[in-house]
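Asks: All chains, please: the whole structure from these sequences, using the hints.
Chains as they are written, first to last, in our numbering: chain F, 9 to 349; chain E, 9 to 349; chain U, 9 to 349; chain H, 9 to 349.
Rather than coming from a laboratory, the hints here were simulated on the basis of the structure.
Just so you know, not all the hints are guaranteed correct.
If several chains are the same, the list does not tell them apart, and a pair holds so long as it fits within one copy or across any two.
Straight-line C-alpha distance at most 25 Å; calculated SDA-like pairs for lysine to any residue [what the hints assert, rightly or not]:
#1 K78 - E15
#2 K14 - F257
#3 K235 - D176
#4 K78 - S115
#5 K14 - I50
#6 K14 - A64
#7 K98 - R333
#8 K78 - E340
#9 K235 - S18
Number of protein chains: 4
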Amino acid sequence: MMIVMKEGASEAEIAAVVKRVEAVGAHAHISQGELVTVIGAIGDREHVANLGLEGAPGVDHLVPILKPYKLASLEYRRGERTVVEVDGRKIGGDRFATIAGPCTVESREVMLDSARIVKDAGAQLLRGGAYKPRTSPYSFQGLGEAGLRLLAEAREETGLPIVTELMDVRDMEPVLEVADVVQLGARSMQNYTLLTEVGRAGVPVLLKRGLSATLEELLMAAEYVLKEGNPNVMLCERGIRTYEPSYRFTLDLMAVPVLRELTHLPIIVDPSHAAGRRSLVEPLSLAAAAAGADGVIVEVHPCPEEAVCDGPQALRAEQFADYLRKLEAAAELAGKTLAAV
Amino acid sequence: MMIVMKEGASEAEIAAVVKRVEAVGAHAHISQGELVTVIGAIGDREHVANLGLEGAPGVDHLVPILKPYKLASLEYRRGERTVVEVDGRKIGGDRFATIAGPCTVESREVMLDSARIVKDAGAQLLRGGAYKPRTSPYSFQGLGEAGLRLLAEAREETGLPIVTELMDVRDMEPVLEVADVVQLGARSMQNYTLLTEVGRAGVPVLLKRGLSATLEELLMAAEYVLKEGNPNVMLCERGIRTYEPSYRFTLDLMAVPVLRELTHLPIIVDPSHAAGRRSLVEPLSLAAAAAGADGVIVEVHPCPEEAVCDGPQALRAEQFADYLRKLEAAAELAGKTLAAV
Amino acid sequence: MMIVMKEGASEAEIAAVVKRVEAVGAHAHISQGELVTVIGAIGDREHVANLGLEGAPGVDHLVPILKPYKLASLEYRRGERTVVEVDGRKIGGDRFATIAGPCTVESREVMLDSARIVKDAGAQLLRGGAYKPRTSPYSFQGLGEAGLRLLAEAREETGLPIVTELMDVRDMEPVLEVADVVQLGARSMQNYTLLTEVGRAGVPVLLKRGLSATLEELLMAAEYVLKEGNPNVMLCERGIRTYEPSYRFTLDLMAVPVLRELTHLPIIVDPSHAAGRRSLVEPLSLAAAAAGADGVIVEVHPCPEEAVCDGPQALRAEQFADYLRKLEAAAELAGKTLAAV
Amino acid sequence: MMIVMKEGASEAEIAAVVKRVEAVGAHAHISQGELVTVIGAIGDREHVANLGLEGAPGVDHLVPILKPYKLASLEYRRGERTVVEVDGRKIGGDRFATIAGPCTVESREVMLDSARIVKDAGAQLLRGGAYKPRTSPYSFQGLGEAGLRLLAEAREETGLPIVTELMDVRDMEPVLEVADVVQLGARSMQNYTLLTEVGRAGVPVLLKRGLSATLEELLMAAEYVLKEGNPNVMLCERGIRTYEPSYRFTLDLMAVPVLRELTHLPIIVDPSHAAGRRSLVEPLSLAAAAAGADGVIVEVHPCPEEAVCDGPQALRAEQFADYLRKLEAAAELAGKTLAAV
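Replies: The structure is reproduced here in structure tokens:
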């Protein structure tokens, strides 16, 4: 931590800061500039941060130097990238994975049809929500356990591993029976109860970025899972909130190369929810792959017009195989090959 | 819902949209402009929204007309404002309330000292966190149940009602034993499990705005609580995320008069967390009161320098009574008097 | 400037950075932490910044320590606040000023009526736009020089000093003949041509914050004016762009106390443009005054329903005197009295 | 324009709105819902907008239906895309163009070396700034006319057309003598003086998106140029301002496919300024091309370590040809071929 003193801070104020830094066992290193003095506090970040030196007499502001996450950092793994293996499918490193399926599990027929489309086109994992976080209490909230049973049936028929969302810690048991990958949605990115429990469960996690979460906060959320001994975390960029009114969310594709410099964890992109419209999903998917993403998660539906939820953004069955071929070419540009089964 | 067709949408495309609108029992009302046609879908908002007409052939975009919240709207109560009563203290309407206390419950001595400061200065409710949502898994996470016991002791001594945060649905029982008002933090604003359960419990709720939540989303979150039959919801503006790097969060004081036009629920402002620095708390509190807020929630600490958490933003004991006097004057400008006990 | 090296940066990389820092005449001060090394570059900020050390081998990131503005900083004036005097009216320090008038100069009658309303109610300066920056080329662009003549006439009749906008450097001469204060609008905040020219002209300037300008950028824009020897700069907060769709702009009232800590320049708030609606103008004005603003600039119109531009946000003549009385009370809370003539 | 009335608006209020709509020659079309009434105002958008009906008695809010830009819209050209031709190079339609060069013109040697690198690698146009908009008045402001002469020399030697920025309307003549494409920077996007003058001059324009400009505002700025009879406008996405602190700007690649649906104008992406770091430029460029951009504008420098300005983001000479080959492959994915000379 660097403590930047105000112009004209007195000797006594500087000495007082040094004393408080040293009181928590850190070393204070003084750097005297022409106008301002900077005190480097070398030691445990949390201890120094807890000193609450912001606003202390003579202190202008604090600048953290060390990253607050450890296990999630690229340095922690000395540059080696995490490859998450889900029932034989490898995600991360030089492998690119596609996760696809309907937004929500709505009926047996749609779920099984979707699973066949996903399987036949050659995607690697099947997605579908049994529990749906909805802004409105009057919207359809998902089929719940009945939806989980349909996902299990789809896995049995197609052999595709299942990605599904967990919202309530009390649903852990039934969700874990079915999910090969547990999705934590954007609204749950800082639900520390869920993060800790999926960390303890050891199940692979797809962790979506909160809609105004910084990359550092996303990595800190991952750290909650990693800290419990679960290394199988995939990060997911799904659009952030900006001032632009033309989009539902602004898909932040800069996050892809920047996260690759910060972390060893695989980076998945969800273009469907940001776009909200089918026509944008393909260009954004290709862009994500070309930017170096480790995979995408998209929605596909046998009949988008009749989808219970988010039909307008679902890819059509008949275009899906062609979409996957183009996606493969874009991933190759970034040096990746499709995740083999 | 208004469905705006593209320029040059064909008769067949218009007819198809009308057919789908009518299929869910809504009435389609066509308005033919010089360049574009607009179809008004009059009927159940959810049904029409679920049609997923975005991206349908010929459709340009959709414009919702009705507000998605009902119970939270000012119209629902025909303009009468909700007054939440907490152990005799009235919040809302023409009463202004101050909720104060330390950020976190850290020790018996600090908690009781803080309670006495709050009581002596004349504030109405006592705040203190036993469970703390922390960005870092390495930060202090609160005293938990031991903290709840200290809050109970502080209430017993001072008679002040307690405001404390609930983070995990599994802690409902112990928290409800102590809390006169349950706080749902910004990260939990869209935790539908918690919203529903505190709705069922009927306890007064202080619902903080998520850090990139729109006012509509905040009101929809309140709707989750109201829908369960719990009318005692207070909204809390605590700073939003913007591009400005000089602040921790940007306190959105426009929310105060705008929410007053949208809802009957009381509006509380938390200036401490956005500011992060003591020197900003007073001007922002006065501004909140002058803008028409129904109360503020602030941090005060007997010795901010030794606070475990957020000391730099805590008001000092010796300035607190003077702060309250100015606050009262500002609230009067907006036509409010202090909440009597 | 602090240069934060990557974890594991080599001795050679550190030495290379030190060498480049010293090559521009700065002193390099090395602070060796447990994980990372930080190099303090003590010397001319511009020289060090121009080194372009971001991305150099072993460099993680750079942290500027010194503020980039000098003349605008509170330290430069050793804490003494600038009081701008306009034809006898003092703005800044412990004086609060109200600038009012129609959005745009639209006709002789409206302009003179507005001026009388402003004068009679007791506001200090008269505003009105002859040149209007408009998002659409199809919107009314202002009366131009004819508008300037009407402003001159209004001043002659009422004695009120005139605040009016300059958009095009080629209009300097006619605008300066009429304007007592030249307004630079939000879109022109980084128009360096205009900043430099009004700096040279020495005329008082009302400098509006760009709609996504940081406070630092606003102060740097002021620095362009100050650097030319013109000390008469007033800063104006008028709403920033955020994700919230309920407002035209989000009035950033935190800017008021934060700017007071950074600069000696007076701070004016424009609540009308952010609000877009009359009903919000009064609560936001009171909040601005209570937060410590040095003045407000608001729109008032004899007949808002017939205004050419922004009528819905204009205060009505009949409410204006009452509004000013409340505003005076709010300014007093923050220790200010109305600017006397 | 749709005028949405409040719940419970009276017959008289509705009639008053209808009357005002009809008074400006528009037709009022009433749509009576269960809860609210919506009045469609069919006629000239500007006239209806100027009514200022926001805040009128009984009016809740207004919803514009027609897009405010005309000449820039895809519909105006009935879906045919504009191809801007610059000295034989075609930009737009199915052609992809690369504009490259140093950030600023700093010396004869660097300028000519850069031009040769750009030419040899096969890029189509040469960029370089003689006038530099700088946040700080203490930063290097560009070589001015001397810089323009060096650009002219580089063109003469390599035959590459020149893209350079215009900041001050008083520099029109010298800039137009040299520039094949005039760049209007992000800070000038709403400088209506410049937009109008380059519109009149008829020269091809590269119009950068302001850093918090909506796509609609960008298109309205283009409309200012188009309205003067100059059809040669290229739009440029260069990063927007968001809350994320890890980036200089957030490159908004969603703008690419969304703008393609809104306008016929070519869309260029500048990844260098948002990134600020060389390592991000390639992945972002590939992503831009894969998303369907019509070109990129990037910085390349013979010796980035010695660049006067923005060296850390400049591509290196030795990597530039390889970069262009990958870019070509990414553009092909989106159906484009390189702009031939």
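Asks: Regarding K14 and I50, is the shortest C-alpha distance of 25 Å or less found within a copy, between copies, in both, or in neither?
Replies: Both, since 20 Å and 16 Å are each at most 25 Å.
Asks: Tell me, please, which holds for K14 and F257 at an alpha-carbon limit of 25 Å: within, between, both or neither?
Replies: between (40 Å within a copy, 22 Å between copies)
Asks: Quick one: K78 to E340, C-alpha cut-off 25 Å, is that within a copy, between copies, both, or neither?
Replies: Answer is neither: 31 Å inside a copy and 40 Å across each miss the 25 Å cutoff.
Asks: State whether the alpha carbon distance between K78 and E15 is at most 25 Å within one copy, between copies, both, or neither.
Replies: between (34 Å within a copy, 12 Å between copies)
Asks: From the Cα coordinates, with 25 Å as the cut-off, is the pair K14 and A64 best called within, between, both, or neither?
Replies: within (11 Å within a copy, 29 Å between copies)
Asks: I want to check one pair: K78 and S115. Are their C-alpha atoms no more than 25 Å apart within a copy, between two copies, both, or neither?
Replies: neither (43 Å within a copy, 30 Å between copies)
Asks: First find the shortest C-alpha distance between K98 and R333 inside one copy, then the shortest across copies, and answer within, between, both or neither for a cut-off of 25 Å.
Replies: within (19 Å within a copy, 29 Å between copies)
Asks: Indicate which option fits the pair K235, S18 if close means a Cα-Cα distance not exceeding 25 Å: within, between, both or neither.
Replies: Neither, since 42 Å and 29 Å both go past 25 Å.
Asks: Which holds for K235 with D176 at a C-alpha limit of 25 Å: within a copy, between copies, both or neither?
Replies: both (21 Å within a copy, 19 Å between copies)
Of the numbered hints listed earlier, those contradicted by the structure are 4, 8, 9.
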